[in-house]
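A.B. asks: Okay, here's what each chain looks like letter by letter:
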Amino acid sequence: MANTLHFDLVSPERKLASVTATEVSIPAAAGDMTAMEGHEPTIATLRPGILRALTSEGVRAFAVTGGFAEITGSTVTVLAERATPVEELSGTLLDDLIDEARELAKVALADGRDDAEKLVNDMLALKTAAGH
Amino acid sequence: MPSLKALKNRIASVKNTRKITKAMQMVAAAKLRRAQEAAEAARPYADRMNAVMAGLSAAAAGNEGAPRLLAGTGSDKVHLLVVMTSERGLCGGFNSTIVRLARARANDLLAHGKTVKILTVGKKGREQLRRDFGTLFVGHVDLTEVRRVGYSNAQSIASDILARFNAGEFDVATLFFNRFQSVISQIPTAQQIIPAQFDSAAAESTSTLYDYEPSEEAILADLLPRNVATQVFTALLENGASEQGARMSAMDNATRNAGDMINKLTIQYNRSRQAAITTELIEIIAGAEAL
Numbered sequence: 187m188a189n190t191l192h193f194d195l196v197s198p199e200r201k202l203a204s205v206t207a208t209e210v211s212i213p214a215a216a217g218d219m220t221a222m223e224g225h226e227p228t229i230a231t232l233r234p235g236i237l238r239a240l241t242s243e244g245v246r247a248f249a250v251t252g253g254f255a256e257i258t259g260s261t262v263t264v265l266a267e268r269a270t271p272v273e274e275l276s277g278t279l280l281d282d283l284i285d286e287a288r289e290l291a292k293v294a295l296a297d298g299r300d301d302a303e304k305l306v307n308d309m310l311a312l313k314t315a316a317g318h
Numbered sequence: 039m040p041s042l043k044a045l046k047n048r049i050a051s052v053k054n055t056r057k058i059t060k061a062m063q064m065v066a067a068a069k070l071r072r073a074q075e076a077a078e079a080a081r082p083y084a085d086r087m088n089a090v091m092a093g094l095s096a097a098a099a100g101n102e103g104a105p106r107l108l109a110g111t112g113s114d115k116v117h118l119l120v121v122m123t124s125e126r127g128l129c130g131g132f133n134s135t136i137v138r139l140a141r142a143r144a145n146d147l148l149a150h151g152k153t154v155k156i157l158t159v160g161k162k163g164r165e166q167l168r169r170d171f172g173t174l175f176v177g178h179v180d181l182t183e184v185r186r187v188g189y190s191n192a193q194s195i196a197s198d199i200l201a202r203f204n205a206g207e208f209d210v211a212t213l214f215f216n217r218f219q220s221v222i223s224q225i226p227t228a229q230q231i232i233p234a235q236f237d238s239a240a241a242e243s244t245s246t247l248y249d250y251e252p253s254e255e256a257i258l259a260d261l262l263p264r265n266v267a268t269q270v271f272t273a274l275l276e277n278g279a280s281e282q283g284a285r286m287s288a289m290d291n292a293t294r295n296a297g298d299m300i301n302k303l304t305i306q307y308n309r310s311r312q313a314a315i316t317t318e319l320i321e322i323i324a325g326a327e328a329l
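The listed protein sequences correspond, in order, to chains A and B.
Numbering-wise (this note's numbering), the first sequence opens with residue 187 and increments by one.
Numbering-wise (this note's numbering), the second sequence opens with residue 39 and increments by one.
Hint data in this document are derived by calculation from the structure and do not stem from the laboratory.
Careful, some of the hints might be misleading.
A few chain A residues that don't get close to chain B, going by computed Cβ distances all over 10 Å [unchecked claim]:
| # | residue |
| --- | --- |
| 1 | V196 |
| 2 | S197 |
| 3 | E209 |
| 4 | M222 |
| 5 | E223 |
| 6 | T228 |
| 7 | T263 |
| 8 | R268 |
| 9 | E303 |
| 10 | K304 |
These stretches of chain B come out as covered by chain A in the derived footprint (C-beta under 8 Å, 3 or more residues) [what the hints assert, rightly or not]:
| # | segment |
| --- | --- |
| 11 | 75-83 |
| 12 | 250-256 |
C-beta atoms are modelled at their ideal positions from N, C-alpha and C, and glycine is treated no differently.
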């Protein structure tokens with residue numbers, strides 16, 4: 187039995203997952219990272235992407251938008267603004283998100299424009315990753 | 039002395055009222071359960087958020103150039119009061135208690151020479167505040183069409199507040215809502231959200247030293263606006279549960295009062311009926327004796 191850590195995924199409206207996992211890959215703002223047992227305590231912000239948790243019953247994947255992840259040696263807690271299990275993802279939902287991000291990019295101030303455009307690209311990448 | 043017919047009508051009408059209040063009470067009870075579940079489900083997110091933010095802000099508070107959402111604008115001249123009330127009435131003192139607290143705060147601030155702006159959520163509070171502070175209203179959020187409050191509602195309110203803050207419209211923002219304690223007790227609460235305040239007890243529980251990615255400042259800047267939305271969401275949910283709780287107990291009282299009234303009216307009705315019979319008998323007997 188590999189060493190495990192406790193993985194919680196919560197959105198503002200409900201708790202989506204609370205399972206034991208051997209590793210969790212997180213789409214962090216600065217690049218993907220994978221947390222395993224004994225990981226250095228870290229707090230990282232998320233970019234839109236696919237979150238994967240490797241559990242004893244297989245891989246559980248969620249599409250997440252912004253939020254943050256809190257990693258300690260034995261737990262991973264992800265607070266995502268919006269999170270959807272990959273099985274429930276639909277093209278229209280993603281398109282809505284992309285449109286929303288584009289709206290934001292349009293109204294963003296000069297110093298926020300880069301971030302907003304990055305958000306659009308992240309959303310597009312998320313759509314590709316989800317296979318839609 | 040009202041006539042027998044009038045009394046009978048009165049009893050029937052009170053009985054109808056009782057049926058309605060009874061039904062409203064049961065509906066409120068069902069909605070309360072759902073509202074409580076929603077509030078319960080939102081708690082882990084808000085708690086974690088609060089703990090992390092408390093840790094982060096404790097570290098950043100002393101620094102020069104801390105984000106304005108945390109450190110404030112450096113003055114406290116203009117206050118924004120976000121008054122959250124219900125869209126529907128018949129919920130006892132629910133709206134009045136919030137409005138009373140907000141009104142006291144507004145008067146206090148005005149007396150100290152500050153500028154007050156009011157953003158109302160829910161039309162009941164707006165109606166109550168209009169007479170005194172109608173000129174101070176800067177906006178209104180209508181949730182009449184919203185059947186279930188979701189995070190997106192909170193987000194849109196929060197982004198409205200943040201846009202006003204970034205435009206320099208106010209220095210301090212405070213939320214007014216009822217915190218759900220139990221069905222019979224809801225506590226009107228004023229919570230300052232900008233500049234953000236965190237209880238230090240939560241900060242101490244997160245004494246673990248974290249690595250921050252990308253950087254502590256970047257995370258703080260990213261999370262502070264989200265935290266506003268989270269706090270608005272928590273307030274909306276607490277308010278929703280409180281509203282149903284208040285309505286339930288108000289309707290319970292109304293049902294009981296209607297029952298008491300029916301008993302009283304029934305006694306009165308029976309007495310009048312008996313009196314009428316007695317009078318008739320006396321008349322008959324008197325008539326028979328006169329023969």
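A.B. asks: Work down the list of hints and note, for each, if the structure agrees.
C.D. replies: Evaluated hints:
1. V196: 5 Å, violated
2. S197: Per Cβ check, S197 (chain A) is inside 10 Å of chain B; nearest 7 Å; violated.
3. E209: E209 (chain A) clear of chain B: closest Cβ-Cβ about 17 Å, beyond 10 Å.
4. M222: Per Cβ check, M222 (chain A) is outside 10 Å of chain B; nearest 15 Å; holds.
5. E223: Since the minimum Cβ distance to chain B is about 16 Å, E223 (chain A) lies beyond 10 Å and the statement holds.
6. T228: 4 Å, violated
7. T263: 6 Å, violated
8. R268: 8 Å, violated
9. E303: Check passes; 16 Å lies beyond 10 Å.
10. K304: About 13 Å separates K304 (chain A) from the closest Cβ of chain B, which puts it past 10 Å; holds.
11. 75-83: Holds, because 5 residues of the segment 75-83 of chain B bring their Cβ atoms closer than 8 Å to Cβ atoms of chain A.
12. 250-256: Three-residue rule met by the segment 250-256 of chain B, so holds; n is 4.
Consistency note: the structure conflicts with the earlier hints numbered 1, 2, 6, 7 and 8.
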